[in-house]
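Student: Turn these sequences into a full structure, and let the hints guide you.
What follows is the residue order along each chain.
There are 4 protein chains.
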Amino acid sequence: MIHTIAILGASGYTGAELVRLIATHPAMRITALSGDRKAGLSMGEVFPHLRHLPLPPLQKIEEIDFSGIDLAFCALPHATSQAVISALPRTLKIVDLSADFRLRDPADYEKWYGKPHAAPDLQHEAVYGLTEFYRAEIRAARLVAGTGCNAAAGQFALRPLISAGVIDLDEIVIDLKAGVSGAGRSLKETLLHAELSGGTMPYSAGGTHRHLGEFDQEFSLLAGRPVRVQFTPHLMPFNRGILATVYVRGNPAEIHATLAAAYAAEPFLEVLPFGALPSTRSVGGSNYAHVGVIGDRLPGRAVVMVALDNLNKGSSGQAIQNANLMLGIEETAGLTLAPVFP
Amino acid sequence: MIHTIAILGASGYTGAELVRLIATHPAMRITALSGDRKAGLSMGEVFPHLRHLPLPPLQKIEEIDFSGIDLAFCALPHATSQAVISALPRTLKIVDLSADFRLRDPADYEKWYGKPHAAPDLQHEAVYGLTEFYRAEIRAARLVAGTGCNAAAGQFALRPLISAGVIDLDEIVIDLKAGVSGAGRSLKETLLHAELSGGTMPYSAGGTHRHLGEFDQEFSLLAGRPVRVQFTPHLMPFNRGILATVYVRGNPAEIHATLAAAYAAEPFLEVLPFGALPSTRSVGGSNYAHVGVIGDRLPGRAVVMVALDNLNKGSSGQAIQNANLMLGIEETAGLTLAPVFP
Amino acid sequence: MIHTIAILGASGYTGAELVRLIATHPAMRITALSGDRKAGLSMGEVFPHLRHLPLPPLQKIEEIDFSGIDLAFCALPHATSQAVISALPRTLKIVDLSADFRLRDPADYEKWYGKPHAAPDLQHEAVYGLTEFYRAEIRAARLVAGTGCNAAAGQFALRPLISAGVIDLDEIVIDLKAGVSGAGRSLKETLLHAELSGGTMPYSAGGTHRHLGEFDQEFSLLAGRPVRVQFTPHLMPFNRGILATVYVRGNPAEIHATLAAAYAAEPFLEVLPFGALPSTRSVGGSNYAHVGVIGDRLPGRAVVMVALDNLNKGSSGQAIQNANLMLGIEETAGLTLAPVFP
Amino acid sequence: MIHTIAILGASGYTGAELVRLIATHPAMRITALSGDRKAGLSMGEVFPHLRHLPLPPLQKIEEIDFSGIDLAFCALPHATSQAVISALPRTLKIVDLSADFRLRDPADYEKWYGKPHAAPDLQHEAVYGLTEFYRAEIRAARLVAGTGCNAAAGQFALRPLISAGVIDLDEIVIDLKAGVSGAGRSLKETLLHAELSGGTMPYSAGGTHRHLGEFDQEFSLLAGRPVRVQFTPHLMPFNRGILATVYVRGNPAEIHATLAAAYAAEPFLEVLPFGALPSTRSVGGSNYAHVGVIGDRLPGRAVVMVALDNLNKGSSGQAIQNANLMLGIEETAGLTLAPVFP
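Line by line, the protein sequences give chains F, G, P and C.
My numbering runs 165 ahead of the 1-based position in the first sequence.
My numbering runs 165 ahead of the 1-based position in the second sequence.
My numbering runs 165 ahead of the 1-based position in the third sequence.
My numbering runs 165 ahead of the 1-based position in the fourth sequence.
Mixed in with the good hints, there may be bad ones.
A pair counts as met if it fits within one copy or between any two copies, since identical chains are not told apart.
Claimed, not checked - Think about it this way: if two alpha-carbon atoms lie no more than 27 Å apart in a straight line, the pair counts; the simulated DSSO-like pairs of lysine-lysine are:
| id | residue 1 | residue 2 |
| --- | --- | --- |
| 1 | K353 | K225 |
| 2 | K258 | K225 |
| 3 | K353 | K258 |
| 4 | K353 | K276 |
| 5 | K203 | K258 |
| 6 | K353 | K203 |
It should be emphasised that the hints constitute simulated quantities derived from the structure, not laboratory data.
Keep in mind it's a predicted model, so treat the numbers as computed, not measured.
Tutor: Here it is as structure tokens:
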């Protein structure tokens with residue numbers, strides 16, 4: 166059975182990645198694409214790497230007939246998603262890739278995003294889309310909220326450790342290296358090649374990055390008490406990839422064993438042998454994440470490292486993984502493309 | 166029907182690319198991998214990006230039992246291939262990715278590679294593997310010689326034009342920009358990140374690059390008289406991709422029309438609208454090539470530009486396309502992965 | 166004697182490069198900086214790499230008192246320069262880095278820049294600023310027009326050859342590789358790291374690039390008859406550097422000898438031994454240019470290659486070299502910083 | 166007065182950087198260069214970016230007449246330095262850039278470098294070369310040991326804080342991002358462009374990096390008791406630059422004030438305004454370091470960030486700064502070149 170798919174916001178990077186992945190998906194077919202500013206263009210004009218694909222033209226959202234569509238991926242900017250999704254038919258399954266439905270508590274949303282949520286009912290309905298930890302809820306959901314890409318990386322490092330109680334909850338530092346595509350196709354001086362290539366710098370440091378809202382929500386829920394981590398992202402001179410270097414307190418061997426056990430049956434989460442170090446280069450272009458653990462020379466300290474592709478496992482791959490569950494398709498369908506190296 | 170595959174020389178970049186592509190190929194299964202210096206290791210130890218795949222361990226070639234293998238990809242260094250393939254069973258189908266069997270004339274081989282060919286019988290038997298132009302011969306072949314990656318790019322620009330007689334054969338300049346993976350995983354100072362990144366330089370200039378042997382052979386054969394092009398490759402600070410900028414004399418519209426007609430039915434060769442300029446970024450990670458044509462302000466001059474991925478369409482993708490033909494599989498099987506961007 | 170300097174348009178890359186170079190110049194002191202959109206900020210806020218320097222704040226141009234200023238560098242956008250310079254005191258020496266005064270003929274200007282020149286008197290007065298070829302005129306000039314960066318590279322390859330009559334004037338192809346800083350600090354999608362890094366593409370192909378206006382003007386003047394070259398620039402995934410690969414017809418040894426003789430006494434133009442190939446990496450951050458010549462296997466053909474730093478020798482370094490002449494300072498003052506490698 | 170200089174090991178990156186910087190140094194002249202494997206070549210053959218400089222040819226060390234030389238920079242590989250320096254005349258001033266004389270305690274040396282020190286007397290004599298903190302000792306020294314580049318970055322972040330007692334000595338994490346030139350011009354697979362570009366990975370994690378020996382020695386000395394930090398370096402896809410992100414416990418404002426006061430008179434250490442984030446791009450090619458401090462949302466926690474150029478301030482620039490003191494030259498001589506951006 167082939168499911169019909171719409172992608173709203175197809176002219177951004179996550180939209181293009183969805184198209185790329187669905188192109189070889191055995192059970193999905195794209196029947197509508199929106200891109201407001203690019204409406205009327207073909208996808209190949211907006212993204213020449215997709216020009217060989219038979220695809221519908223980019224339309225305005227209001228021009229799309231949703232009656233024949235099974236599921237819509239919503240890859241619109243933050244805040245826009247709320248308004249758009251509110252107006253979509255209630256019969257439509259939706260995977261939202263924006264930040265709009267990641268936080269359950271309206272107060273949290275307002276705190277991190279600076280204004281009240283415009284669709285609190287949908288916010289309440291939405292399921293948090295970290296597939297490996299919300300499978301049952303996602304299968305039953307109509308609206309799934311994709312996680313932040315950095316938030317995914319940090320949670321893959323920490324969730325099983327918090328659940329198992331093997332680390333000190335008050336001593337967690339996430340130093341994260343993020344490829345530039347995470348910032349989207351936006352025209353900002355800091356994202357220019359001439360500014361960004363050949364070096365690195367922190368950004369949103371000091372506890373101001375919005376993905377902290379997700380860490381706070383999820384880790385506290387798991388621990389049954391407030392958990393607050395330190396988090397410093399750094400802008401990296403490469404296009405795809407996140408490396409989270411997570412400093413924790415606990416027994417390194419136990420930490421490794423806990424992660425290895427938790428992910429033993431996971432198709433996309435690879436725990437490396439103890440002491441092996443992951444590289445973003447080894448997961449680029451794929452839905453796989455590599456997890457490494459090493460003990461420090463200081464007793465009782467360990468470093469957990471997670472490498473994943475922000476556009477794929479951190480965003481569009483995750484979205485398809487969730488959609489597969491929602492549509493009753495094999496969870497791994499369309500997602501087993503091996504990473505591209507070199 | 167699943168065909169059993171061996172990859173000889175799997176520890177290099179083209180070997181890894183073959184594994185990546187075959188991982189989602191519907192009709193091939195890898196049953197043997199060789200890597201002499203890495204024998205005994207798993208593929209995941211040599212290439213961590215492939216660690217999730219169920220693969221046989223790396224062996225020495227002499228340890229491989231070829232009796233159950235349908236086809237071998239030979240991704241060994243130049244000169245080694247001759248010796249290895251001579252010793253393989255005559256019943257085995259072989260796609261060789263080295264330079265050893267690209268030139269038909271032993272004198273040409275010796276001229277460009279500096280020593281006599283060690284397996285002239287095989288050299289005589291081998292079919293030149295530029296799929297789009299040798300389909301019938303490749304279908305019937307036991308041994309196919311993959312083309313040089315630069316040679317593929319130049320030929321995609323020029324073959325239909327030479328055949329159609331629409332360009333001046335004595336006035337062809339190929340200025341080529343080549344990503345560094347074309348040089349393989351070899352430890353040379355010029356290939357270090359610190360030396361190569363952030364700039365560019367020509368190499369093998371002045372008519373000394375070995376892929377000229379292929380241009381000479383093929384273009385002369387097509388034209389029915391000697392054709393000699395100028396060719397200057399440049400080492401590029403990126404990993405994948407070739408852009409060939411080819412300066413020709415002729416009617417630009419006729420040149421575009423000739424290429425568009427020649428490639429109209431080709432699944433992997435995309436001719437852009439007249440005047441559109443291809444980018445290596447739009448084909449990376451894929452078996453697709455983009456072909457652009459623009460007229461110059463000087464009457465009677467045009468520029469033909471070809472962008473392809475040297476490791477994929479220029480090497481391992483082409484090899485699988487050839488193998489598909491040799492095995493009677495759909496030609497495009499396993500090769501329709503969309504390019505990865507950004 | 167210290168000369169007082171103003172830089173108009175200091176918030177762009179060529180402005181910043183001027184500041185960097187003048188910082189260690191023995192005979193210049195910056196006393197005014199303009200940056201209209203950034204007026205009121207310090208230079209260190211706009212360019213943190215300059216924060217340690219004692220510099221005047223950025224002002225609006227109309228706020229600057231030019232009475233105490235000896236020379237102004239004008240690093241404003243094209244078209245803006247005409248208007249601004251027209252309003253400056255006639256007693257001020259000016260080096261303009263924009264395209265506004267490069268073309269002597271008003272018809273040429275209109276042809277390449279799409280509208281009539283607004284200051285034809287100044288256009289008439291301006292001296293073309295390719296230092297090595299216009300020394301006497303520059304020494305005597307009040308207004309010098311810096312050349313295009315690509316135009317400089319191509320002229321270094323070709324001027325002595327045209328003057329000496331050793332190449333065929335109708336068979337010149339310039340294939341040029343240009344670092345992205347040449348496009349300035351402008352917010353365009355194609356200049357984003359995610360779009361540009363890891364690949365290459367041509368731009369302004371087919372004889373449409375504006376620097377062709379300079380080639381036409383200068384080469385025709387030298388030859389005493391119209392000369393029209395072919396020119397294809399390519400956008401490169403690095404920040405600084407131009408490599409011009411120039412295909413010419415003539416005797417390679419004679420071509421090398423001609424260039425070596427022409428540049429023997431030049432402090433900044435290094436002709437490499439015959440057959441040696443220049444790299445942009447070997448000139449980055451400096452006012453030096455490397456010139457290489459190699460003969461092709463086809464008799465009577467040669468390739469001339471020029472590598473230079475577009476922001477330095479191609480723009481701001483050239484501007485200071487011209488200013489040194491205009492102010493009676495040693496020509497090389499402030500410009501002998503060695504290239505930065507790796 | 167001009168001092169005569171020898172550079173031993175001039176064919177590596179730190180040797181080339183010394184030559185680059187001394188080229189515009191007002192009081193040093195290079196009279197001898199060694200490069201054992203490259204003996205007989207000119208510096209321009211080994212490093213084309215230096216070809217315009219009048220320099221002595223590369224010799225073997227034993228061919229150098231040290232009688233007329235005031236000071237030697239020793240940029241040889243670790244372990245080689247010990248043997249070479251032992252054989253040099255006692256009258257020669259020496260700045261060693263290797264790791265051989267950084268650790269004072271022979272047991273520490275053996276622990277971190279795996280074998281006993283071969284020249285314990287020299288080890289005892291050597292002064293640790295972190296200029297800003299050892300000025301008096303360096304002025305009086307005959308042999309100065311340049312610090313590790315990562316070690317310099319970490320100490321600039323932490324020394325004043327440890328001295329002032331404003332941070333918790335048991336809760337220090339240094340997450341460091343290091344450009345690839347720090348690994349030298351060595352032929353290793355991980356340093357190839359195709360392996361390294363476009364991604365990142367940790368290395369020497371878990372407390373195994375040798376620069377920890379320097380942190381242990383220096384921080385413990387300052388604190389008067391053992392101090393052990395956590396340190397995870399990451400290999401970055403750029404050539405120059407170190408960013409140290411240092412997580413500390415203490416009052417953020419006090420931490421910033423302490424660093425600002427400590428470095429107020431330092432010519433090369435720039436403390437940014439509280440909350441401002443440094444970038445490696447803003448110091449590349451220079452002897453300047455930028456220091457930033459931000460408070461975390463978690464009370465009592467701060468992040469100190471240091472950006473410097475590993476080859477310059479972290480190695481060769483530091484070496485010249487030390488040599489200036491040893492020779493009685495102005496400390497900043499030859500070192501005030503502004504960073505190169507973009």
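Student: Hint by hint, note whether the structure agrees.
Tutor: Hints, one by one, checked against the model:
In the homo-oligomer, the alpha carbons of K353 and K225 lie at most 27 Å apart both inside one protomer (25 Å) and across protomers (24 Å), since each shortest distance falls under that limit. Proximity of K258 and K225 under a CA criterion of 27 Å is satisfied intra-copy only: 19 Å inside one chain copy versus 52 Å between copies. For a Cα distance limit of 27 Å, the shortest separation of K353 from K258 qualifies neither inside one copy, at 33 Å, nor across copies, at 36 Å. In this assembly of identical chains, the alpha carbons of K353 and K276 lie at most 27 Å apart only when taken from the same copy (25 Å versus 33 Å across copies).
When the C-alpha separation of K203 and K258 is checked against a cutoff of 27 Å, the pair qualifies only within one copy, where the shortest distance is 25 Å, while the shortest distance between copies is 48 Å. Taking the shortest Cα distances, K353 and K203 sit within 27 Å of each other both inside one copy (19 Å) and across copies (16 Å).
Hint 3 from the list above is the single one not met by this structure.
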